[in-house]
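J.: So for the sequence shown, the numbering used here puts the first residue at 500; every next one is plus one.
Treat the hints as calculated values from the structure; they're not laboratory data.
Hints may be right or wrong, so weigh each one.
Said to hold, decoys possible - Label pairs and their calculated CB-CB ranges:
| no. | residue 1 | residue 2 | range |
| --- | --- | --- | --- |
| 1 | G596 | S561 | 14 to 24 Å |
| 2 | D597 | S561 | 16 to 26 Å |
| 3 | R638 | P560 | 32 to 42 Å |
| 4 | L631 | D564 | 26 to 36 Å |
| 5 | A626 | S561 | 29 to 39 Å |
Just so we're clear, the structure is a prediction, and the values are computed from it rather than from any experiment.
Ideal Cβ positions, reconstructed from N, Cα and C, are used throughout, including at glycine.
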Amino acid sequence: MLAQRPSPPHPEARGTRGTNGKPIHPTHLVAKKAAKSRAEARSAGIHEVAALDSITEGLTPSDDDIAPVLFENLGLALLNQGRSEDAVQAFRRAIEGDVATRAQAGRFLVRLLFQLGHTTEAQRLLARWEALHGPHPDRAT
500 MLAQRPSPPH PEARGTRGTN GKPIHPTHLV AKKAAKSRAE ARSAGIHEVA
550 ALDSITEGLT PSDDDIAPVL FENLGLALLN QGRSEDAVQA FRRAIEGDVA
600 TRAQAGRFLV RLLFQLGHTT EAQRLLARWE ALHGPHPDRA T
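Could you build the full structure based on these sequences and the hints that come with them?
T.: Here's what the structure looks like:
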């Protein structure tokens, strides 16, 4: 059996020192990089929401075939930004009253309606969604 060699230090950790002159542990570098990535993702999400918002505002009746997809994507982007109420409005536009048209938008809409306390509407949509798609993934077993 071959002896295992210790893994080399994280490439970014070589020669990296903190403000106190001590070497920075690789896990701190990974955490710092992850925080930076999350900040960049939030920034990108804000731009995505703005772009989708702008596109959906300019829709005309001739765009009815693509509107549900755009509103569904807007709803997902808003949800990722923590804007649940706005996401609900976008998901409502995506399904246009019929959860058969956009299963994913309907699934998220049901979840958000329950979370926001709109129980009556959520139960109505949940029953319709489950009749079409089977048990909702969030339903307790």
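J.: Starting from the range 14 to 24 Å, see whether the pair G596 and S561 falls in it by beta-carbon distance.
T.: holds (21 Å)
J.: Range first: 29 to 39 Å. Now tell me if the beta carbons of A626 and S561 are that far apart.
T.: holds (34 Å)
J.: Kindly confirm whether 32 to 42 Å is satisfied by the beta carbon distance between R638 and P560.
T.: holds (37 Å)
J.: Given the hint of 26 to 36 Å, check if L631 and D564 actually sit that far apart at their C-beta atoms.
T.: violated (21 Å)
J.: Indicate whether the distance between the beta carbons of D597 and S561 respects the range 16 to 26 Å.
T.: holds (20 Å)
In the structure shown, a violation is registered for the earlier hint numbered 4 alone.
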